[in-house]
Every structure is written in structure tokens, then in C-alpha cells.
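Chains Y and G, in that order, are what the protein sequence lines are. All residue numbers for the first sequence refer to UniProt numbering, where the first residue is 1 and numbers rise by one. All residue numbers for the second sequence refer to UniProt numbering, where the first residue is 1 and numbers rise by one.
Bear in mind the hints are in silico, worked out from the structure with no lab data behind them. Be a bit skeptical, because a hint or two may be false.
[Claimed, not checked] From chain Y, some residues computed to sit far from chain G (all C-beta separations above 10 Å): (1) D58; (2) R197; (3) I483; (4) S484.
[To be verified] FRET-style restraints, in silico, Cβ to Cβ: (5) Y:K466 - G:T518: 37 to 43 Å; (6) Y:A511 - G:D9: 43 to 49 Å; (7) Y:I318 - G:R172: 47 to 53 Å.
Source: prediction; values computed, not measured. No residue lacks a Cβ here, since even glycine has one placed at the ideal position from N, Cα and C.
There are 2 protein chains.
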Amino acid sequence: MRRWNGWGDESVAFALNEEALGFLAQRIGTGTPVADAEFEQASAQLKVSRLPEHRLIDTSPEVRLRNALGQSLPDWLRLRYGVIDTAPDGVAYPESAQDVRELLEYAALHGVALIPQGGGTSVAGHLTAPSGTRSVAVNMTRMRQLLYLDTESQLATFGAGVFGPDLEAQLRARGYTLGHFPQSFEYSTLGGWVATRSSGQQSLRYGRIEQMFRGGSVETPAGTLHLPTFPASAAGPDLREMVLGSEGRLGILTEATVRVTAAPAYEAFHAVFFPSWSAAETAVRQVVQAGLSLSMLRLSNPLETTTMLALAGHKRMISLLERYLSLRGCKQGKCMLMIGVSGRKSLARAALREALGMTLPHGGVHVGRMMGEKWKQNRFRNVYLRNAAWQHGYAIDTVETAVDWPRVEIMMRAVESAATVALAQYGEKVHAYTHLSHLYAQGASVYTTFVYRLAGDYETDLARWKSLKKAASMAIVENGGTISHQHGVGSDHAPYLAAEKGRLGMSVLRALAEHVDTQQIMNPGKLLP
Amino acid sequence: MRRWNGWGDESVAFALNEEALGFLAQRIGTGTPVADAEFEQASAQLKVSRLPEHRLIDTSPEVRLRNALGQSLPDWLRLRYGVIDTAPDGVAYPESAQDVRELLEYAALHGVALIPQGGGTSVAGHLTAPSGTRSVAVNMTRMRQLLYLDTESQLATFGAGVFGPDLEAQLRARGYTLGHFPQSFEYSTLGGWVATRSSGQQSLRYGRIEQMFRGGSVETPAGTLHLPTFPASAAGPDLREMVLGSEGRLGILTEATVRVTAAPAYEAFHAVFFPSWSAAETAVRQVVQAGLSLSMLRLSNPLETTTMLALAGHKRMISLLERYLSLRGCKQGKCMLMIGVSGRKSLARAALREALGMTLPHGGVHVGRMMGEKWKQNRFRNVYLRNAAWQHGYAIDTVETAVDWPRVEIMMRAVESAATVALAQYGEKVHAYTHLSHLYAQGASVYTTFVYRLAGDYETDLARWKSLKKAASMAIVENGGTISHQHGVGSDHAPYLAAEKGRLGMSVLRALAEHVDTQQIMNPGKLLP
Chain Y
1 MRRWNGWGDE SVAFALNEEA LGFLAQRIGT GTPVADAEFE QASAQLKVSR
51 LPEHRLIDTS PEVRLRNALG QSLPDWLRLR YGVIDTAPDG VAYPESAQDV
101 RELLEYAALH GVALIPQGGG TSVAGHLTAP SGTRSVAVNM TRMRQLLYLD
151 TESQLATFGA GVFGPDLEAQ LRARGYTLGH FPQSFEYSTL GGWVATRSSG
201 QQSLRYGRIE QMFRGGSVET PAGTLHLPTF PASAAGPDLR EMVLGSEGRL
251 GILTEATVRV TAAPAYEAFH AVFFPSWSAA ETAVRQVVQA GLSLSMLRLS
301 NPLETTTMLA LAGHKRMISL LERYLSLRGC KQGKCMLMIG VSGRKSLARA
351 ALREALGMTL PHGGVHVGRM MGEKWKQNRF RNVYLRNAAW QHGYAIDTVE
401 TAVDWPRVEI MMRAVESAAT VALAQYGEKV HAYTHLSHLY AQGASVYTTF
451 VYRLAGDYET DLARWKSLKK AASMAIVENG GTISHQHGVG SDHAPYLAAE
501 KGRLGMSVLR ALAEHVDTQQ IMNPGKLLP
Chain G
1 MRRWNGWGDE SVAFALNEEA LGFLAQRIGT GTPVADAEFE QASAQLKVSR
51 LPEHRLIDTS PEVRLRNALG QSLPDWLRLR YGVIDTAPDG VAYPESAQDV
101 RELLEYAALH GVALIPQGGG TSVAGHLTAP SGTRSVAVNM TRMRQLLYLD
151 TESQLATFGA GVFGPDLEAQ LRARGYTLGH FPQSFEYSTL GGWVATRSSG
201 QQSLRYGRIE QMFRGGSVET PAGTLHLPTF PASAAGPDLR EMVLGSEGRL
251 GILTEATVRV TAAPAYEAFH AVFFPSWSAA ETAVRQVVQA GLSLSMLRLS
301 NPLETTTMLA LAGHKRMISL LERYLSLRGC KQGKCMLMIG VSGRKSLARA
351 ALREALGMTL PHGGVHVGRM MGEKWKQNRF RNVYLRNAAW QHGYAIDTVE
401 TAVDWPRVEI MMRAVESAAT VALAQYGEKV HAYTHLSHLY AQGASVYTTF
451 VYRLAGDYET DLARWKSLKK AASMAIVENG GTISHQHGVG SDHAPYLAAE
501 KGRLGMSVLR ALAEHVDTQQ IMNPGKLLP
């Protein structure tokens with residue numbers, strides 16, 4: 001069963017062994033475990049629903065609690081400490097576009113806000129119920145069917161609430177794949193990916209969701225927006241691009257048509273180490289700009305590399321690896337690169353060879369497939385680390401941005417520096433490390449993870465998070481980064497959006513939302529503060 | 001010097017020989033040449049400018065006439081027959097964003113409409129001065145500098161009024177290329193490409209302008225919209241996508257940052273013939289879906305193939321070619337495919353080999369590079385054919401759309417059929433032929449050319465064009481195509497836009513324009529009717 005107060009399935013655990021805990025203790029001190037609130041205790045806090053009845057809406061406290069929050073750190077604090085100060089008044093499970101239209105009419109009639117959601121995996125506060133108004137969470141996960149597969153055009157139309165694994169299973173049965181694998185894959189949905197401009201781990205091959213999303217249907221308070229599929233069009237601004245990233249402010253995506261491709265015959269992930277960050281960054285920039293047919297490039301900085309090796313839990317093997325790398329010039333300050341290739345075996349291997357060859361002048365040491373395959377096995381399990389760390393009294397959070405190449409290293413250092421000292425006022429240290437999660441000819445995403453100790457009470461931990469989030473977000477904005485490369489805006493990033501959109505850009509986005517949603521019932525408070 | 005009443009430079013001519021004229025005569029009858037109006041006679045018709053003076057605005061009839069119209073067939077009719085029923089009251093030549101802002105203030109103060117323009121190559125009526133209001137054409141071509149080249153991120157920032165050849169020359173001097181080569185390349189501008197969502201002949205390698213346009217600056221009546229460059233972003237809807245295709249309705253693009261790449265070391269164009277349309281279409285679909293590193297695929301249908309061979313003007317060579325093709329199975333009904341490759345020689349040749357191999361099971365006959373290189377030589381000269389045909393009493397016009405694969409052949413036949421009989425009421429035939437100009441995994445653009453005889457007077461020729469344009473446009477809309485894949489909407493396609501955008505989509509686009517341009521002074525009447 002899915003965890004109500006953490007990531008993923010209750011039956012899956014990701015253990016931290018003594019060495020891993022020793023590593024963390026040395027960096028930021030020993031954590032003190034905190035007792036979790038009970039589900040019953042938490043759900044008992046919910047105020048009585050104030051909603052008029054509706055056949056599609058469930059107002060039981062249990063269902064409301066399970067659909068109240070996402071996976072942002074403030075959401076976790078609420079759940080773990082049992083401080084449920086916000087929850088929708090009900091949860092609707094539409095099964096058709098007609099159901100969604102009915103909910104929109106209900107919302108308009110009663111002045112109730114709607115909060116569309118897929119799998120509730122947002123890490124940016126997309127799902128928080130607005131204060132001061134009644135609200136209904138619209139859980140889209142019953143709309144999950146593959147409705148149409150056009151093999152000639154390689155287009156698949158799904159109900160927008162389909163989960164990642166379900167979508168891939170329906171496509172794989174027919175020989176196709178979408179190829180969209182964000183870390184949230186197991187619990188996130190197609191509609192959520194579109195609404196938040198999601199990007200998957202293999203976007204180098206398959207593209208971001210923007211490139212995959214070819215058309216669909218959006219139910220808005222002003223009517224249905226039908227987005228037909230064209231291979232390309234010069235007929236005015238692209239309405240799809242207004243839906244992408246709209247985060248529920250314009251309406252609810254009910255159907256989405258996506259570009260699919262034949263499932264790859266071959267797939268492999270390899271690891272390469274570099275002696276230093278500057279060597280590694282130069283190498284990956286050259287590789288990505290060469291336009292080779294790779295499916296993934298993911299580069300960890302020295303501290304992330306050290307952290308991953310320390311947390312891997314195979315001390316003997318890792319120390320053998322480190323000795324080998326040291327002999328080959330990768331010592332203190334080494335960086336790990338994961339390279340993925342997919343497709344026809346001959347072409348994939350040729351691309352890999354080419355890429356590996358390009359790393360050599362920069363001191364790249366290819367260590368083969370083993371670590372890459374390990375990474376692949378754990379690609380959706382690493383998120384569980386957050387549960388494990390919490391059990392030992394540590395919080396884990398992340399921020400991410402994207403910048404053009406000349407600012408990649410500057411950004412990485414700025415975010416890490418800002419984070420490292422952000423909790424000094426509490427006498428606490430922050431362990432901050434970074435990887436480039438997605439690489440482009442133009443630049444890269446810069447994805448920083450923070451580990452720090454829990455205080456043990458809700459108020460202090462929320463205050464600590466706020467200090468840290470603000471410091472990291474300001475570093476992003478001040479260094480010219482976008483406030484999100486892949487997580488979206490939600491509530492947590494909304495205060496920083498104007499820095500990149502500008503005064504006029506913000507007013508354009510607001511005008512757009514107000515035009516289709518005159519009563520402002522669609523996910524109020526998110527995206528546009 | 002540039003022609004005032006036709007395409008291109010006065011010194012360039014594209015002759016039609018006896019065989020070519022014989023071919024046309026046989027298809028649609030012998031043309032009767034029409035005498036052109038003189039420039040002086042035409043400019044003398046312009047009403048006196050009603051504009052208040054401004055240091056940036058030239059109100060002389062000569063300059064106004066040269067900036068009054070584009071290259072649509074109705075524009076040609078006006079110029080050739082000297083019926084100048086529409087012209088701006090003046091032409092401004094801004095040299096900076098500050099100049100553009102000054103023009104916006106002037107326009108707002110005096111209630112004057114602004115018509116932004118680049119090289120005036122629109123074939124969809126983007127430049128027509130609105131009736132019932134004073135207007136100024138804002139000619140952007142003095143803003144043409146390469147302002148910044150970031151070689152690390154492969155981004156170049158230009159003044160938006162830079163012409164294609166000037167842009168490429170500035171980049172090539174530094175070892176880079178944009179790679180955007182629409183047929184209008186010689187006289188179209190970067191800003192025009194962005195404003196109309198242009199696509200170049202080698203988009204398979206370099207992408208459409210949507211993919212190249214990474215940021216920039218737009219002066220709108222509501223202020224400056226600054227679009228920063230990010231490699232990717234999940235921070236809400238993409239404002240660039242509202243500027244792309246906005247056709248001057250939101251404001252004037254003054255600077256654009258575009259993605260560039262190293263100039264290719266190697267480039268080649270090859271021709272392949274197929275025995276039939278269905279064989280050819282299946283082959284190119286498989287080739288494009290294989291994702292090979294090609295730079296161009298361009299497939300002519302049987303009638304276009306016949307027409308191109310007939311108009312080529314090398315009767316003996318062509319008949320040798322046709323004999324050879326016939327022996328190899330390509331007879332009546334054969335189709336010509338152009339394949340382009342660019343990049344590193346070894347990779348380009350490998351991709352070409354792979355593509356050629358894929359055509360074999362479909363009866364593809366590779367005839368080598370000669371025809372391809374000929375095509376390349378003439379890639380920007382074929383437009384001059386329109387001048388030549390006119391001299392012999394023929395009009396040439398085109399329509400284009402894009403559809404997913406299952407509808408490509410249906411669309412091609414529907415547009416050709418509709419066009420062929422569209423002038424029956426005038427007792428005239430239309431010679432209509434088609435190529436797929438841009439190929440995508442999802443589908444293709446369908447680009448149809450019409451040749452028909454001129455009546456010899458403005459009113460009748462305008463009526464004939466209207467009948468033809470309407471018939472072809474209705475065929476596009478009724479068969480689910482976009483009203484433009486690469487030419488934009490302007491005035492001529494505006495009546496058909498709602499068919500794809502829908503009622504709500506149209507109202508969203510209107511709300512957007514009205515929000516930034518409350519007085520509706522920006523290019524009124526275009527895009528949104």
C-alpha cells in the first residue's frame with residue numbers, strides 16, 4: 001500500500017548502513033529520530049467538510065487526507081508531525097470529460113476551488129488547498145486508458161490520469177514506449193507531467209514532455225479547449241504551450257496525445273569518472289554538442305560522487321574502485337558521469353564509443369556497465385532514500401534550475417554555498433551536493449540535494465526549511481537561472497517566477513488565467529501568486 | 001536593385017524555354033502576356049499621407065509603395081496591374097529598441113496602426129495596411145547586427161531585422177551557421193521568421209524557427225517583454241511560444257537570440273526516384289521515423305516530378321534520365337525524392353547510406369548527386385519562376401498545410417482536386433502539383449503549387465484567385481490540416497484559423513493581443529480577424 005506520509009510503497013525500504021550513517025554524522029552531525037504521527041491522529045484534525053453534496057465527491061477524512069498534500073518538504077513536515085492545517089473539503093474521482101465538466105459547473109455554482117491532481121508527487125506545493133475558500137481535489141487517476149494508438153504517426157492518446165508504469169505497460173504490450181522517466185515515474189501521471197513541464201531521465205533521446213505532448217483536450221471554466229495534432233504548424237501561437245506548465249490554472253487536461261516510438265531493442269548505462277569538475281564539464285559539453293544518439297548524460301560533482309559512493313553500502317567494492325580510479329588519475333575531486341544509450345544495438349554502441357572517445361582527452365576513465373546497471377536498477381528507488389534518512393533524523397530536499405553553459409559552474413557553486421550556510425543561525429550544517437541532471441547543447445540543469453538534521457518539532461523544522469529554500473532560490477534567481485527546470489512552480493517557487501517572466505510576462509500569464517477562469521476557481525494561489 | 005512588383009533582384013531572370021511553355025500550353029492553354037504598370041504610375045495613386053511628422057518616418061510615395069505589399073498573389077495583382085488601393089501612410093526605419101518604443105508611443109498618441117515588417121516576403125497578406133485607419137510600416141531591416149555570440153552555449157543574438165544571407169555571413173565568418181533556409185531566405189528576416197513560425201528547407205537537421213529561437217526582446221504597447229535564454233524550463237507556460245507566430249499583433253521583436261551550430265564540414269544532396277506515390281510515401285515515412293541524421297527530405301508527387309523535369313530545360317538529358325528510370329521500374333507515376341545530409345563527412349555518408357538502403361525495398365532508384373546539386377544551386381532561384389511565368393501570362397500560387405501520416409495522401413488529393421476544378425466557372429484549368437516539403441515522424445507538410453492563366457484584368461484575376469484560394473483552403477480545413485505549416489496566417493488565412501484553434505482558442509489569442517495592446521494598434525486585422 002502506498003505510504004500516506006512519505007514516498008512510495010510501504011513494502012519498499014532503502015536501508016542506510018553504518019558507514020553511510022557515519023558519513024552523514026561526520027558531515028553534519030548525528031541525527032535524532034523523530035516519532036511519526038499516526039494516520040488516525042492526523043485525519044482526526046481535519047475540519048468537517050463544508051461542501052454541498054455531489055455524486056462524484058468523497059468527503060471522508062481518510063480520503064481527503066490521502067489527497068491533501070504532495071511530496072514537498074513542507075508537505076512532509078505536515079504529514080510526519082501530523083500538523084494537517086490544510087486539506088481539501090472533498091476529493092472527486094472523475095471517469096470522463098463529462099464528469100470533469102460537471103465538476104467545473106459545480107465549482108462555478110458554489111464558488112468552490114478545484115485542485116487537479118495526478119499521483120500527488122509534486123515537490124513544489126502544487127496541491128495545497130487554498131485557505132479561505134472551500135476546495136475539491138480532482139483526482140484524475142481513474143482516467144487511465146490508452147484510447148487510441150496511431151502506429152502510422154506514432155501517436156498515442158491516453159486518459160490524462162494514467163500513471164507512468166501503467167502507461168508504459170499499455171504501450172510496451174504493443175511494442176512502443178513513451179520514454180518519459182522522471183524520478184517520480186512510479187507515482188506521477190501523464191497529465192501531471194504536461195501541467196508541470198516535466199522532464200525524464202532519458203530526455204536526451206525522447207525529449208521533454210513539451211516535445212512529446214502533441215495535442216489533447218482541456219476542460220476549462222470557459223469551455224473545452226481542443227488541441228488537434230499536427231506534425232508542425234505556422235498558424236499563430238501554439239496553444240499547447242499555454243497548457244504546458246499551466247499547473248491547473250487554466251483547466252483540467254482530460255486526454256493527451258503523445259509521440260511514441262518503437263521500444264528500443266537495446267539499452268545500456270555506463271559510468272565514466274573524471275579527475276576534476278572542470279575536465280568533466282568540458283567533456284560533457286563537447287559530447288552533448290556533438291549531437292550523438294545518446295539517451296542520457298548525468299554528471300555528479302565531486303561531493304555528490306563522494307556521497308553516492310559512501311551511501312552505496314558496498315565498502316569493499318567501492319574501495320577497490322577508488323584505488324583503480326586513483327591509479328588512473330581520478331582521486332580527490334573526481335566526478336562520476338552516467339551515459340545511457342538506447343536503440344538499435346549497432347547504432348547505440350557506435351554512439352557510446354564515440355562519446356567515450358571524446359572523454360579521453362579530458363582524463364575520462366570508463367569503468368564499464370556495472371555501476372550504470374546498478375544506477376538503472378535503482379533509478380526509481382533512490383527516492384526512497386528520503387524515507388530512510390528521515391528515520392535517522394535527517395531531512396533531504398532538492399532544488400533545481402537550468403542555465404546556459406557559461407553559468408553552469410557559477411550556479412552550482414552559488415546554490416551550494418548559499419545552502420551550506422543557510423542554517424548557521426540554527427547552529428546546523430547542510431550537506432549540499434549537485435549533479436547536472438539534463439544536458440543540452442545550450443546548457444544544463446543544475447540539481448542540488450541538501451541533507452540536514454531535523455530539529456524534532458514542526459515549527460523549527462518548517463523555519464529551517466524556509467531559510468534553506470529561500471537561500472537556494474535567491475541564489476538561483478540572482479545567477480540568472482530559471483526557478484525550475486523540471487519540478488514546476490506550485491506555491492513554493494511562485495514568489496520567484498517574476499524574476500524570469502518579468503512584469504509584463506507575469507501580467508500576460510495572469511490575463512490568460514483570468515480569461516478562461518473568470519471566477520478564479522482553478523487551483524488558486526499556484527503558479528501565479 | 002530589388003524588383004518593386006515581383007520577386008527578387010531585377011538582374012536575375014529564370015527563363016522558360018519552348019518546351020516548358022509547350023508543357024504548360026498543353027496542360028492549361030497558352031498564356032497571354034499582360035503589360036505591367038509602371039512604378040511612377042502606381043505610386044502616383046497613393047493618397048497623401050495623413051500622418052503627423054516624426055523624425056523616423058518617411059512619407060514619400062516611393063518609399064511607401066515599396067513597403068506597401070508582400071508577395072501574396074493579391075499583392076502581386078495590385079502591383080502588376082498598378083491598383084494600389086492600400087498603402088501605409090509612412091514608413092519608419094528604427095535603428096534601436098529606443099526608436100521602436102518611440103514609434104509605439106507615437107502610434108498610441110495619434111491612434112496610428114503599426115505594421116512591422118522585415119523583407120516584405122509574406123505570401124499571406126501580413127503587410128496590407130488596414131482600411132479606415134492611418135498606419136505606419138515599421139521596416140526593421142536597419143537592426144541587423146550580430147550583437148553577441150556565445151560560443152560556449154552556441155547562441156547568437158542579432159538585431160531582428162537581419163536578412164538571411166547577412167545573418168549567415170556574419171555567422172560563417174566565425175565558423176557557425178543558423179541553418180534556416182526558407183525559400184524566401186534571400187529577402188526574409190530573422191524577426192519575420194519568428195513572427196510567422198517559419199521553417200527552412202533543412203529543418204530536419206536544424207529544426208524549425210521555434211526550436212532555434214531561444215530568447216529576445218519584444219517592444220509592446222504595454223512595455224518591453226524580455227525573454228531570457230534557458231536551456232529548458234518548467235517555470236510555467238513558455239512566453240516565447242506566444243511571440244512565435246504572433247505576426248506583429250503583440251509588438252515588435254527587436255532582438256532575437258538563436259541557437260547556432262558549427263558550420264557543417266560536408267553537405268550533399270542526392271536524388272532518388274520511386275515507381276509510385278504509395279511506394280515513395282511509405283519509404284520516406286520509414287526513413288524519417290528511423291531518426292537518421294539527415295538534413296532534408298523533400299518528396300515530389302508524380303505531377304510535380306513531371307512538371308519539374310519538363311521545366312528543367314534540358315530535354316536531352318532528361319530524356320536519357322527517364323529512359324534509365326524506366327528500365328529500373330520508374331515510369332509513369334514516378335516520384336522524385338531529394339535527400340540532404342550535412343555534418344561530419346563520415347557520419348553524413350553513413351546516414352545517407354542507411355537512408356538509401358531503406359528506399360530499396362520500395363523500388364527506390366538512387367540517381368546520384370547531380371540532380372541534388374542542381375536543386376541546391378537553384379534552391380533560392382526557383383522563386384523567380386513566378387516572374388518568368390507571369391511574363392508569359394501565367395499566375396503561380398501555392399498553399400501548404402501539415403497533417404499526420406494517415407491523412408497525408410488524402411490531403412494531397414483533396415487540395416489538388418479542389419484546385420483543379422476551382423476555375424471551371426471561368427472556363428479555365430488549373431495545373432496543380434504537390435510535394436511534401438518537410439517530413440516528421442508524425443506526418444508531413446503538404447505543399448501544393450497552382451499554375452493557371454491570367455485573365456488580363458485586375459478584377460477578374462482577383463476573383464479567380466479568390467475562388468482558387470477558397471477552394472484549396474476549404475479542402476485543407478475539411479481534411480483536418482493546419483491552415484499553414486510555414487507561411488503563417490496574415491489576412492489570407494485568418495478566416496480559416498478558428499477551424500483549428502476552436503472558439504475558446506481564438507478567444508484566448510484575442511485576449512492575449514488585447515491585454516498587451518489595449519488600443520489595438522499592432523498590425524490590426526492580421527492573424528485574428
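Right, here's what the structure says about each hint:
{"no.": "1", "hint": "D58", "verdict": "30 Å, holds"}
{"no.": "2", "hint": "R197", "verdict": "4 Å, violated"}
{"no.": "3", "hint": "I483", "verdict": "5 Å, violated"}
{"no.": "4", "hint": "S484", "verdict": "4 Å, violated"}
{"no.": "5", "hint": "Y:K466 - G:T518: 37 to 43 Å", "verdict": "39 Å, holds"}
{"no.": "6", "hint": "Y:A511 - G:D9: 43 to 49 Å", "verdict": "45 Å, holds"}
{"no.": "7", "hint": "Y:I318 - G:R172: 47 to 53 Å", "verdict": "50 Å, holds"}
Hint compliance for this structure: hints 2, 3, 4 are not met, and every other hint is.
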